[in-house]
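*Asks:* Protein chains in written order, with our numbering: chain W, 1 to 250; chain U, 1001 to 1422.
If you're looking for bench data, these hints aren't it; they were derived computationally from the structure. Since the model is a prediction, treat every value here as computed from it, not as a measurement. Among these hints, one or two may not hold up.
As the list claims (entries may be wrong) - Once the Cα atoms are required to be at most 30 angstroms apart in a straight line, the calculated DSS-like pairs of lysine-lysine come out as:
{"hint": "1", "chain 1": "U", "residue 1": "Lys1285", "chain 2": "W", "residue 2": "Lys135"}
{"hint": "2", "chain 1": "W", "residue 1": "Lys160", "chain 2": "U", "residue 2": "Lys1306"}
{"hint": "3", "chain 1": "W", "residue 1": "Lys163", "chain 2": "W", "residue 2": "Lys135"}
{"hint": "4", "chain 1": "W", "residue 1": "Lys163", "chain 2": "U", "residue 2": "Lys1306"}
{"hint": "5", "chain 1": "W", "residue 1": "Lys163", "chain 2": "U", "residue 2": "Lys1146"}
{"hint": "6", "chain 1": "U", "residue 1": "Lys1146", "chain 2": "U", "residue 2": "Lys1306"}
{"hint": "7", "chain 1": "W", "residue 1": "Lys160", "chain 2": "U", "residue 2": "Lys1285"}
The primary structure of each chain is shown beneath.
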Amino acid sequence: MDVPIIELTAVTKSFGPVSVLKGVALRARAGEVTALVGDNGAGKSTLIKGLAGVQPYDTGEVRFAGELVSLSNPREASRLGIEVVYQDLALCDNLDIVQNMFLGREETVLGTFDEGEMERQASETLRSLSVRTVKSVRQKVSSLSGGQRQTVAIARSVLKSAKVVILDEPTAALGVAQTEQVLALVRRLADSGVAVIMISHNLIDVFAVADHINVLYLGQMVASVETSATNSSDVVGYITGSKTYMGASE
Amino acid sequence: MTTHVTSGVRSDDMIGSGQEGTIGDQVRAYLQRLRGGEMGALPAVAGFFVLAILFSILSPFFLTERNFANLLTQAATLVMLAMALVFVILLGEIDLSAGVTSGVAMSLFVVLSNPGGLNMNWILALVVSLLSGVLIGAFIGFFVAKVGIPSFVVTLGLFLGFQGLQLIIIGSGGLYRIQQPEILAIQNSNLPEWGGWAMLVIMLLVSLGMAFLDRRRRTRAGVVNRTIAILWIRLAVIAVVGGVIVGLLNQNRGTGFLAVSGVPIVVPITLVVLFLGTLLLDRTKFGRYIYAIGGNAEAARRAGIKVVGIKWAAFAICSTLAVVSGVFSASKVGSVDAAFGRDIVLSGVAAAVVGGVSLFGGRGRLIHAAVGALVIAVITNGLGLLNLPGGVNFLVTGGVLILAATVDAVSRVRAGGALSRR
Ligand SMILES: Nc1ncnc2c1ncn2[C@@H]1O[C@H](COP(=O)(O)OP(=O)(O)O)[C@@H](O)[C@H]1O
Ligand SMILES: [Mg+2]
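So here's chain W without its partners, still in its complex pose:
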């Protein structure tokens, strides 16, 4: 198969004396949903903050489409097309949907906003993701439901044609119907050729959309397996540390 778009090798991260990532490997491919699971405190959020350049790794290799890169700040990650949708959705309540989707990369003409252009692109992006729940793109984000906010956050990453979209617990705070919508959105995103890395606690969600499952346990990647080649009870075993994965490379 072709080169993975993201390939981490032996990355580490410590906070003072606490070693949170102890030499982790991870691969993600375009067009696939790569799930990252693990118990609370396993280091999932820390792992993706490194990919986002928000909290760089201490040591280890990051390859993007085969090239060694250094992800030392968010701009660098964003330049490569890596976008993160955080668990605590990084949206500004006081701004509207368009303003949030374009935050940090607004379209301007002569130094002033081209609101029309931004509005059109935001609207088209939401439409292309078959979003039907949003009435107006000029609604303040504070007035949106949890699912709608998640949608806006995902659409935000799609807007600038991200190559890698990382979702941290996208369904954690959602009800049944909204979870369904967001999972469908995640699948459409991957089918459009994006590499999706999805963190989740919910194995039902993971088995519903993921192509590949990676399990993090106390800062180590203890399993990396095709969804079709495993089952829920094995994955639970890896997560809790009661079962040891006998498969591929560490």
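Position chain U with the ligands relative to chain W; hints supplied.
*Replies:* Below, chain U with the ligands alone, put in the same frame as chain W:
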């Protein structure tokens, strides 16, 4: 199944933008927003008119051309200071030293420029005092944005420290008269009659021009424009309200043989700052990022916004505009002493809050602060005419402030802000 995220979508398929529909739809949408808690300056505007009506019933002097002009020049200092503070309040920060900053800068100005002092060219002295504002703002910004000390603490420290600095610059018990006719003219001279009308025409043309530029951009992008009737109504309101104000100010309001008429010079200066500041806040990245940081600083940081730099610049703008308010005040009072600017800053904060600027950050506009300042000025002016004991003014102003803060808090809950705040 495959979806091309960049594929074009016909405009009739697009998600709405709230700009569609007739005037009726627009009005309904506006009322909906009001009910949702996005009231802006509306309570303050209503308060202004209620107070104005009340005072014109209570005092025969209130509704005179003379008092009207007086009200504007009395309010100018507070309007400018409140607008200055908006830049940092939007960030969720505060500048308690804005008043004494204007004091230090104006002390510098009089000592540098007065014949009894260093007798420097007054324009140069003015530039120096404005630059001292930039510098003070950068100093505050350094401690707040870079070192990470709460702005309340930094600027409270400066509030105390600068009173000492001012005393050192000006000498204890010292008082310098403003000698430059140009500075005095700001608050004490008026535009010629045609100048007032020209000002109004320029305002209308600029509004019209900007609206049409916006509409052209939106049309080019293929998104819906608001029905044009809304624009005509807005321009008509500006024309009528502005026309009444200019007309009143162009009446003779002199008391003696000398005729006094025209729009005070401070008015167009204030309007230019309001216009440019609003342009900056509404239409540039810098302004948008101020709102973003005030709404969710972490989100702003993750979006790649250089939060430290933006905060820094906002404090510099605040302090510099505070110096401009000091120039207005010096022009009105005619002198600068060691206590100049000391007592005004809390009124400036109150003005912003009364106008609908949220102390929690992220919500409010310059025009809101300006309207809030007019409300506070009208209280001071009106109560002054009634010959009430001095304490009443403070009591009423304080009551209005708490009322405004309550409106803010309630509307935040309505807008869903309080629920999702961490
Ligand atoms: N900034 C930080 N400072 C110190 N410890 C941290 C920090 N961020 C995370 N940790 C610790 O690292 C561990 C992994 O955290 P996290 O990556 O958030 O796990 P997960 O997302 O898998 O629940 C936890 O024990 C957490 O306390
Ligand atoms: Mg986490």
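*Asks:* Next step is simple, just say for each hint if it's right about the structure.
*Replies:* Going down the list of hints, with the structure as the test:
For the hint pairing Lys1285(U) with Lys135(W), the CA-to-CA distance comes to about 26 angstroms; that is within 30 angstroms, so the pair holds. Distance restraint check for Lys160(W) and Lys1306(U): the Cα-Cα separation of roughly 20 angstroms lies within the 30 angstroms cut-off, and the hinted pair is therefore satisfied. Restraint check for Lys163(W) and Lys135(W): satisfied, since their Cα atoms lie roughly 28 angstroms apart, inside the 30 angstroms limit. With a CA separation close to 24 angstroms, the supplied pair Lys163(W) and Lys1306(U) stays within the 30 angstroms bound.
Between Lys163(W) and Lys1146(U), the direct Cα distance comes to roughly 34 angstroms. Violation of the 30 angstroms bound is thereby established for this hinted pair. Between Lys1146(U) and Lys1306(U) the alpha-carbon distance is near 12 angstroms, which keeps this suggested pair within the 30 angstroms criterion. With a C-alpha separation of about 17 angstroms, the suggested pair Lys160(W) and Lys1285(U) falls inside the 30 angstroms cut-off, and the hint holds.
Hint violations for this structure: number 5 only, all remaining hints satisfied.
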